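Colleague: Sequence:
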Amino acid sequence: MLTLNEGKVLRDAVITAISADEVAIRHADGFIKVALANTSDDLRWEACFDPLEARKMAMETMRRKAQEEQERLALQRSIPTPTSGPFDSARMAAEALRRQLASQRNAMNLEFRALAAKNTSLLKGNVWNHAQPEASPLLNSVSGSRAVLGLSRLQYGRDAILATLRDLRDLDPSAR
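Note that numbering that gives the first Met the number 0 numbers the sequence shown so that position 51 is 50, with each residue one more than the last.
Hints in this document: simulated from the structure, not taken from any laboratory. Please read all numbers here as calculations on a predicted model, not as lab measurements. Fair warning: there could be bad hints in the mix.
Stated by the list, open to error - When the alpha-carbon atoms are kept at most 20 Å apart in a straight line, the in silico SDA-like pairs for lysine to any residue are as follows:
hint	residue 1	residue 2
1	Lys7	Asp41
2	Lys7	Trp44
3	Lys32	Lys55
4	Lys123	Ser151
5	Lys117	Asn105
6	Lys7	Lys55
7	Lys117	Ala101
8	Lys123	Ala113
9	Lys123	Arg112
10	Lys32	Asn4
11	Lys117	Ser102
12	Lys123	Ser102
13	Lys117	Tyr155
14	Lys55	Trp44
Said to hold, decoys possible - Pairwise CB distance ranges, derived in the manner of DEER restraints:
hint	residue 1	residue 2	range
15	Ala101	Lys123	21 to 31 Å
16	Ala53	Ala23	19 to 29 Å
17	Lys32	Met61	34 to 44 Å
18	Leu74	Lys32	49 to 59 Å
Quick reminder that beta carbons are idealized off the backbone N, C-alpha and C, glycines included.
From just these sequences and the hints, can you work out the full model?
Modeller: Structure follows, in structure tokens:
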């Protein structure tokens, strides 16, 4: 049953054709053409409804919502959560200190190799700990001696490593 704006009631109404200005309706008593301006909102919606277009629009809406959700999740993943913020920054600082410590130890080992190449007879037989050069007995046994030129550079390297280790142990007590 379909009621027009004029109050006319059509039984068993089916829309058969639509043009720019009017809609053709077949009903129980016959056939009628009605101007779109004289129809109700519901009739205009039904006359203009296209199931294929509606399906396309629904799919487009789903795609848009999925993309918005992806963007929201990407943003959420890139922003650290407030509860893990201080822990993450401390962990990152500890990692930076570990990298700095490794770099300082490599530099100190290179310095020792250069010094050993220049002073082979004086440094012969001295033990050098390549894993922890700051703990090498050479630095403690000859630390007051001026017999080996360049030893002070190794001592400065040892002091820098020990300072980095202190900073690292403040953040991570298990650091070596």
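Colleague: Confirm or reject each hint.
Modeller: Each hint tested on the structure:
1. Lys7 with Asp41: holds (15 Å)
2. Lys7 with Trp44: It holds: about 19 Å lies between the C-alpha atoms, which stays within 20 Å.
3. Lys32 with Lys55: Not OK: Lys32 and Lys55 at ~30 Å, beyond 20 Å, violated.
4. Lys123 with Ser151: Holds: Lys123 and Ser151 sit about 18 Å apart, inside 20 Å.
5. Lys117 with Asn105: holds (19 Å)
6. Lys7 with Lys55: Answer violated: Lys7 to Lys55 is near 35 Å, above 20 Å.
7. Lys117 with Ala101: violated (25 Å)
8. Lys123 with Ala113: holds (14 Å)
9. Lys123 with Arg112: holds (12 Å)
10. Lys32 with Asn4: Given pair Lys32, Asn4 holds - Cα atoms ~14 Å apart, limit 20 Å.
11. Lys117 with Ser102: violated (23 Å)
12. Lys123 with Ser102: Not satisfied, since the Cα-Cα distance of roughly 26 Å exceeds 20 Å.
13. Lys117 with Tyr155: holds (19 Å)
14. Lys55 with Trp44: holds (17 Å)
15. Ala101 with Lys123: 21 to 31 Å: Check passed, 28 Å falls within 21 to 31 Å.
16. Ala53 with Ala23: 19 to 29 Å: At 22 Å between Cβs, range holds.
17. Lys32 with Met61: 34 to 44 Å: Holds: the Cβ-Cβ distance is about 38 Å, inside 34 to 44 Å.
18. Leu74 with Lys32: 49 to 59 Å: Given about 55 Å between the Cβ atoms, the range holds.
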